[in-house]
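Chain A is fixed; fit chain B onto it per the hints.
Spelled out, the chains give:
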Amino acid sequence: MSLRVLVGVKRVIDYAVKIRVRPDKLGVVTDGVKHSMNPFDEIAIEEAVRLKEKKIAKEVVAVSCGPTQAQETIRTALAMGADRGIHVEIPAKEVEKLEPLHVAKIMAKLVEQEKADLVVLGKQAIDDDSNATAQMTASILDWPQATFASKIEKTDGELQVTREVDGGLETIKVKLPAVVSADLRLNEPRYATLPNIMKAKKKKIAKMKAADLGVDTTSHFEVLEVADPPVREAGIKVEDVDTLITKLKETGRI
Amino acid sequence: MLGGKELRHAISMASRWTWASCNLSSNLYRWNKTFIHTSSCHRKCELTSKRYQVKRGKYNEINEENIKFFTELLGPHRIIEGESELEGHNTDWLDTVRGASSVLLKPKTTEEVSAILSYCNQHRLAVCPQGGNTGLVGGSVPVFDEIIISTNLMNKVENVDTWSGVVTCQSGCVLEALDQHVADFGLMVPLDLGAKGSCHIGGNVSTNAGGLRLLRYGSLHGSVLGVEAVLASGEVIDCMTAMKKDNTGYDLKHLFIGSEGTLGLVTKIAIHCPPRPQAVNLALLGLSTYENVLKTYVAAKSKLGEILSSCEFIDRSSLECVEENLKLKPPISSHEYYMLIETSGSNGTHDEEKLNIFLEDVLGSGIVDDGTVASEPSRMLHIWGLRERIAEALHHEGYTYKYDISTPLSHFYKMVEDMRKHLGSKIIRCCGYGHIGDGNLHLNITTDEFDKEVLNRIEPAVYEWTSKVNGSISAEHGLGFKKRNYIHYSKSSGAVTLMKQMKKLLDPNGILNPYKVLPDE
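Quick mapping for you: the protein sequence lines, in order, are chains A and B.
Residue numbers for the first sequence follow the numbering used here, so the first one is 1 and each next one is one higher.
Residue numbers for the second sequence follow the numbering used here, so the first one is 255 and each next one is one higher.
Pulled out of the complex, with its shape left as it was, chain A reads as follows (with noise of 0.2 angstroms):
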């Protein structure tokens, strides 16, 4: 049985760069600034191409809900090895808008399209840290879900995947179709090399708006406000210990 895979992948602002908070408070800044692949999505990828060196899924197909530039994201992951590419089309000033619900309908909408039989999507995405699209995914197609998974097997018609959570690890099997979200430890992602990222400008991507798959992206959501976290204040020094319980309990700390 060779799978169909579908991934998401999300355009974010890259995470060595300095982030800004814009002068309204209602954003950050994302003009002129430094973006890339969400470093989960790019593990994302790298299991779904594994899959199909492995000969367990025939082809995969990368999704990104974006502007414009999103097409530079799913050439990225056209370059590590996926075979084409979809690219839904938000027009920039909605795309801080886009919630995981709406990314969610737009997958479930494409596994039908596209017939897909696997959706491998990161955790999170590391600018709004939802971590929500895939669980909401496989709710809309009432799939099984595997999410944080660090490790994918496949045996007859399911998948056998080893969790990250809270106690430890946990190996839970799930039958196929299913949803897939990636976490930290299950690959480290290749880097695109120069002749794949030749090939890459070959491959199709196919264009297409929210609309057209009849999806709504009205937000459900109004930002109030956006704020930086607080300065971290200088420590002071005391002299000695009898200073130091006096301080601490001034502020409370025993």
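Hint data in this document are derived by calculation from the structure and do not stem from the laboratory.
Some clues are possibly wrong.
To be verified - To be clear about the criterion: a stretch of chain B counts as covered by chain A if any three or more of its residues have a C-beta under 8 angstroms from a C-beta of chain A, and this derived list gives those stretches:
| id | stretch |
| --- | --- |
| 1 | 580–594 |
| 2 | 613–621 |
| 3 | 624–633 |
Claimed, not checked - Derived Cβ-Cβ restraints for the label pairs, each shown as a range:
| id | chain 1 | residue 1 | chain 2 | residue 2 | range |
| --- | --- | --- | --- | --- | --- |
| 4 | A | T251 | B | H331 | 17 to 27 angstroms |
| 5 | A | K18 | B | Y373 | 35 to 45 angstroms |
| 6 | A | L26 | B | A431 | 30 to 40 angstroms |
| 7 | A | K237 | B | E326 | 17 to 27 angstroms |
Small disclaimer: the values here were computed from a predicted structure and weren't measured.
Here a beta-carbon is modelled for each residue, glycine too, at the ideal position from N, C-alpha and C.
Coordinates of chain B only, in the frame set by chain A:
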């Protein structure tokens, strides 16, 4: 208190932090700071004076009265005493030289430096100026009991002129911190090196540091516009100017740039900072022959032209060292040679097009076998880590014999191959990497522990060989303590005599950083 599992969970929940911490290699500032402090606990290196049989100069020894003066001048918190307290300051970060100083002073202003030097000159006390202590030739630590004058507290940025791009600051500003400060103004400091998280700009200027981007932004002799330095007598020489052009008299600032603290202690500098590039791309290439490396370099110069900002070279052994000792994974498969080619420009689309044409060319013609290219800061940091942390990786193997030579490009790698054959199995590793764009090779040999026999097999052979091809025995590291006696391999005796005359003129008592730069009598 969070236990291990809870902590791991908390970290994985805060995903941005996860990425920063899981990719420690990309946070060079952090590794630099912690590495400097732990290296002195690594192993206790033999006293320089013993290992190299150095004779102490005719300086006085520090007494209670001297301590009283310094304490009154700086206050009790800015004088540190005791050899054990000063272990990190008495040893270089390579653990190859160790002094025995028992006094460290931390001035905050030029006036304090002037008062200290004037006093030391009067009382014939030797001093050792120290910045970030990241030097590689033993020039930043004492040999005997020289008083260490640290620029740690002289870290004020005085002015950033956004029109001209000239930045004026004290000499104790940490390079990376200074760069981040000027980044807010859309500028960048014109030099960059692996030690950026710890080195001071004053130290960079005093050693005429080169670094990764000399190819594009030139040497400090060009970008430093003004210098304020204090002479041994305590006299403050003010050559500060923020003007790019100033042909009025002898350009004294050049004396202080590169003289490694032996002619004056640099207290302030004015440096011209270029605009920060809007678009940076980094390519890591794998090649199979050295001839292909040279061909790629020529192609890069011609096809990338003005956007080329760095061209670095790494041989297989160096990358293997990084992989083994630091567990950093290279993004491409194993090759004999690697090159890092960086472009910096003002227009991303334009630069990417040029870079793609260049890459298609070198890949298509077969001179490059494989490679990867990145423009995301996180990926670029990872790739740069493979080059910038080679010295750290080598340090893990034990003792590093480090050489920094300028050679004609045709002879660049032959030196490594010849030395490897010459040393045979007595060593762990003999590798080469460096600024091929500048013709500057870093030749490194490692052994488990310092071995005088191995040293004698390497020196003076390496210097003789360099001299034969009319190269420089120290391209950018300087002479410091370790190479002072080999100066004649790259400078004529007439030149060295004149240098000694200048030293005598500016520092008649020889108190500034003795036993460094100029050869022993």
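So, going through the hints one by one against the coordinates:
Only residues whose beta carbon comes within less than 8 angstroms of a beta carbon in chain A count, and the stretch 580–594 of chain B has 3; three or more means the coverage holds. With a threshold of 8 angstroms between beta carbons, the proposed coverage of the stretch 613–621 of chain B by chain A holds, since 3 of its residues qualify and at least three are required. Coverage of the stretch 624–633 of chain B by chain A holds. Counting CB-CB distances below 8 angstroms, 10 residues qualify, and the rule asks for three or more. Taking 17 to 27 angstroms as the suggested C-beta distance range, the pair A:T251 and B:H331 conforms, at roughly 26 angstroms.
Checking the proposed 35 to 45 angstroms range against A:K18 and B:Y373 shows it holds: the Cβ atoms sit about 44 angstroms from each other. For A:L26 paired with B:A431, a C-beta distance near 31 angstroms keeps the hint of 30 to 40 angstroms intact. At about 23 angstroms, the CB distance of A:K237 to B:E326 agrees with the hint of 17 to 27 angstroms.
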